[in-house]
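S.K.: For reference, the chains in residue letters:
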Amino acid sequence: MKKHKKATTPKEPLSKARVPIRKLPTGVRGLDEIAGGGIPEFSFNMIAGMPGCGKTTLAHQFVFANATPKKPAIYFTVLGEPALKMLRYQQQYSFFDESKLASKAIRFLNLSDVVLEKDLNAVLEEIMKQVTALNPSIVVVDSFRTVVRKAYSGATEVEMQSFIHRLSQFLASWQATTFLVGEYVEEEIRDNPLFTFVDGIFWLSQVPERNSVVRKLQIMKLRGQASVPGLHTIRISDTGLQAFSRTLGLLGTKTKPARRRRLSLGIPDLDKMLGGGILEGDSLLVAGPSGTGKSALATQFIAEGLRHGEPAIMAIFEERPQGYTDRANTFGLNLKSPQQTGKLEILYLRPLDLSVDETMQAILDAIKRVGAKRLVIDSLVGFEMALAPGFRADFRESLYRMIGALTGAGITILSTVEVEDSFTELQFSHYAISFLTDDIIRLRYVEIDGQLRKILVVVKMRGGNHSKDIREYVITAKGMVVIHPRRTDYYGLITGIPQRTGPRKAQENEAAPEPKATK
Amino acid sequence: MRDYAQRLIAYAAQQNQSSGQDHPAAFGVCEKLREPLASLSGLNGFRSLLSRALALAGDEVRWLRAVHIKADGSLECPAEMSELDQKEISDGENALVAQLLGLLVTFIGEPLTLSLVREVWPGAPFNETASKKKESNQIT
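Chains as they are written, first to last, in the numbering used here: chain A, 1 to 519; chain B, 1 to 140.
Bound-form chain B, shown alone (with noise of 0.2 Å):
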């Protein structure tokens, strides 16, 4: 899962650059399937999921227990973020979407979690998660 994690942000980071965004690209994968997620679930449903999926990363990646979840679904940046290097950043960002993405595979399947992400991203380059390649869909 975290290998597909780390594809599917890279793929995220590449369309942010070429629309000129510039949050981490995790926060943008998680914003991305806000919408589809909220009209499944609810905002409420939505948020209760990040929640979950930010408390077990911030087990793994200490900075992620500063992000917050707005009323709205987005995620808000820490401040000490801008003291962070690159690899503390891409961990934080390969663990939260990685963990997303595990719940929704542990709730509906990987099925449909794929066609999730395909719905959101139809042009992504990979269409199977880490236990397709008979990969743990634990993160380690």
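Excised from the complex, chain A in its bound form (with noise of 0.2 Å):
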């Protein structure tokens, strides 16, 4: 029988010969990202939308970022923003470096006058004429829109469209990276020859919602490579634009560590409850009514890693940190030292009118800075209450992300929930979040012996066997404690209101289990 001769797959010798497209830094925080590692070289682009989207402060801090004297960047202004007007905003911004105008790194040209007295292919020929003498490796035309417009008036859809694909082709040749920048509407994208024409769309859009905006990009197309799809938050400051990613630059951390250490809260008794305490990189979430020690467990967690080595970060969006230092400090848990020493960073997050990922950026970037093992988000709530109206859609999603990527990452993070005790059920959250966490303690108030009491239930753990022994606990000067072995002499104590399932035991005048914690 012949033997076949085995098929050769096209893709070894197709991926030795694939040509290597270099990607240009965009300048812009977070966007290189979402564009799947920047701009590609000899690219024709466009970055589209409506006036005070950060159109032109994108190209700017493009043009700033790749610039220099022997590879420049032409910049060319048409019947816009002139350029000197643009020169004096554009220089607010922190990635405005004069000395790559003075070098001539970057020069600004005025197409106007081309643009009013004459047709497209004047307007062609000089773009073509200063290339050609200049000798970019950048280039951007800004507006374009207002040279198609005029265009318009005196050209065929022909002559437009032959005009778009010389200058492609001219730009490409010439071995420029190049940006149109014009306004458009999203219905133009389906008629419009150019969105055709374009390697990348970059679409900025400006959106109310309520008394906030929330500025939102766009990677419509990049050719070549794989961008992050989906509208992704930008904002605009001193800096100029930052782009906060919808993966929030978490995309290829590293996975969990298949044998996973037991790390302590820093209460011994419910480390026991927990198998002998939570799971590296594990989600616990803390689920209880106001009062309950949601936040000392909380200080007592992060209290515990600083003990052991781990650095930590708080965020916190209720209390005030100086709330957190001095409960700490009425439990003999110093957190001022391990801050001092950038062990520990609280974050007290109250950002209004901020985007999740803006938020969760910020945390992200503290865990980098501190190398942070422990998370604390104390609360969701809290958290989700301070984000502007428009951005608490996004939250569970965001949160979900980012507990994914962090807890992937082997980071352990602790988040408080605040729950209301209702005396008939014990309601875990009222909040669809336990899907995003592996393990669940609950605490409640019950009414024992015509007291308010405490009690915490681990109601679930992922990575394990757990104690299902209901725990009355107490808040003291060390902070949680939990008291008593289980009771058997109630029943129904998860419902707030047990009853007694025996004669009541004879007490004398009985204390309150809790002393006042002192400061």
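If you are wondering where the hints come from, they were derived from the structure by calculation, not from laboratory data. Each residue gets a CB set at the ideal place from its N, CA and C atoms; glycine is no exception. There's no promise every hint is true.
Mimicking BS3-like on lysine-lysine, the simulated pairs with C-alpha atoms at most 27 Å apart in a straight line are [claimed, not checked]:
1. A/Lys-100 <-> B/Lys-32
2. A/Lys-23 <-> A/Lys-85
3. B/Lys-70 <-> A/Lys-85
For each label pair, taking beta carbons as the anchor points, the in silico distance ranges come out as [stated by the list, open to error]:
4. A/Met-128 <-> B/His-23: 31 to 39 Å
5. B/Ser-51 <-> A/Ala-133: 51 to 59 Å
6. A/Glu-188 <-> B/Arg-62: 51 to 59 Å
7. B/Glu-60 <-> A/Gly-342: 53 to 61 Å
8. A/Ser-237 <-> B/Ser-82: 53 to 61 Å
9. A/Lys-129 <-> B/Pro-111: 40 to 48 Å
10. A/Glu-186 <-> B/Arg-62: 51 to 59 Å
11. A/Glu-41 <-> B/His-23: 44 to 52 Å
12. A/Arg-149 <-> B/Asp-85: 47 to 55 Å
13. A/Gly-224 <-> B/Ala-71: 46 to 54 Å
14. B/His-23 <-> A/Met-50: 45 to 53 Å
15. B/Pro-111 <-> A/Asn-135: 58 to 66 Å
16. B/Pro-78 <-> A/Ile-236: 43 to 51 Å
17. A/Asn-211 <-> B/Pro-78: 51 to 59 Å
With the hints as a guide, dock the two chains, each given alone in a separate frame, to form the complex.
M.R.: In structure tokens:
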């Protein structure tokens, strides 16, 4: 039987022959990751959107990040914002480097006169003349829309297409990475041939949500590389544009180690209930009503980590940092020193009008800064409430991504959530977030012997077995302390109004088990 | 700024002598600035800027009010100029250039204005305006 020659997979030779496409940094924090690594060199791109979205600023950031005297940039201005005003405003941003203008790394050239007085051919000739003379690596035409608008008044659609085609061919041949900047509305994408010609479309938008304004960026198209799809929040500040990827820059983070340690919460009896502690890289949710000690537990969790040399971040949304350090002091825990040595950061985030992604970026930056192993988010309700209304819809999705990626990287997270105690059932959370937690501890008030006491129960532990006991605890001068073995003389503890199963033991003026914590 | 303008005019005048030009040195300064400014903001942009500088300077030195900006952005000397003495001419020149540079400093800041001037007169022996010497930007 004739042997079939094994078919060669075209993959290997192709991959060896594949042309490398250099990716240029965008100069916009967060945007390289969204673009799939940067802007493909020699690509012909469009930055589009309504006025005031940050199109020109984005183009400037790219130009300032890449232009050098050897690889200069030409910034053609046309009828829109005059270069003098553009320079006046853009130099307010920290990325603006006037030495790049002095060294001719960046040149601003005005095409208004040509556009106003001549036709498309003359515009093209002028661009070609300047590009040929100056040999730029980057070309920006701002606003290209005004070129087209003027041209349409005297040119046919075919002439217009021919102009765009010749322009893109010429600039690509001259090895220039190009950005056309223009005001467009989304409806134009379908019919405007320009959007077919370009290699990349960066669409910026500005959407009012009640009293807030949300700026978004979408890469609608970017030939040759995988950009992150979807709408990403952008913010314009003194540093220029910053983009917040929907993936929070967490793609490709390392995965949990195969063998995970058990981490102490700093409450020995609770550790025992958890089978020796919480598994490293787990997400633990502590749910309970106000005053049950969620923040106390969170503080002990962080302090215990610091004792074992694990840097930490506390992202707090309700109480001020001073309150946290004071509480820790009453428990004999020192949070000030680790803050001074850079092992702990307490982020007090009241970011009204910030997006969830920006807030999470602040947390991620802090985690990176201190090399955190433990993270507290206190509380999720406060976090959500601190966001602009328009961003709340994205909250759970973004939280899910962040928690997933951070725990995947081995960071252990303790989040708190406030739930109202119902006296008929035990709610874990009104909040459909339990799907993103590995472990849940529920705290609640319970009425026993004419006293309002506190009980806790480990409801869920994904990584292993855990105690099913319902235990009473108190907040003492040492923090949260679990007291008494499980109570067998009551049933219905989790309803909050338990019933005694047998006769009440005689007791003499039983003292409240919870001494008041002193400062 | 006036001091800077004066030095710039003097430097440009020296160059004018060597190239045999006979119009006022300040007009030559504006003429030389026309190209980089027009490439930055278009010829109309340059004319607008120059007309503003001329109007401001005209408040200080009367004969400047008769100066006309031509369509190409160059300046046309008024007929009455021949009747002026050297000090009057010099005052007008200084005022015009100081106002033009002052406008540029206002719009794009001193570093960019200086780099623009250096681009036109690479050999100019001065590299800071009056504001750098802690003098006021305002023409007094």
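S.K.: Next step is simple, just say for each hint if it's right about the structure.
M.R.: Status of the hints after comparison with the structure:
| no. | hint | in the structure |
| --- | --- | --- |
| 1 | A/Lys-100 <-> B/Lys-32 | holds (22 Å) |
| 2 | A/Lys-23 <-> A/Lys-85 | violated (31 Å) |
| 3 | B/Lys-70 <-> A/Lys-85 | holds (24 Å) |
| 4 | A/Met-128 <-> B/His-23: 31 to 39 Å | holds (35 Å) |
| 5 | B/Ser-51 <-> A/Ala-133: 51 to 59 Å | violated (30 Å) |
| 6 | A/Glu-188 <-> B/Arg-62: 51 to 59 Å | holds (54 Å) |
| 7 | B/Glu-60 <-> A/Gly-342: 53 to 61 Å | holds (59 Å) |
| 8 | A/Ser-237 <-> B/Ser-82: 53 to 61 Å | holds (58 Å) |
| 9 | A/Lys-129 <-> B/Pro-111: 40 to 48 Å | violated (29 Å) |
| 10 | A/Glu-186 <-> B/Arg-62: 51 to 59 Å | holds (57 Å) |
| 11 | A/Glu-41 <-> B/His-23: 44 to 52 Å | holds (48 Å) |
| 12 | A/Arg-149 <-> B/Asp-85: 47 to 55 Å | holds (53 Å) |
| 13 | A/Gly-224 <-> B/Ala-71: 46 to 54 Å | holds (48 Å) |
| 14 | B/His-23 <-> A/Met-50: 45 to 53 Å | holds (48 Å) |
| 15 | B/Pro-111 <-> A/Asn-135: 58 to 66 Å | violated (26 Å) |
| 16 | B/Pro-78 <-> A/Ile-236: 43 to 51 Å | holds (48 Å) |
| 17 | A/Asn-211 <-> B/Pro-78: 51 to 59 Å | holds (58 Å) |
Hint compliance for this structure: hints 2, 5, 9, 15 are broken, all remaining hints hold.
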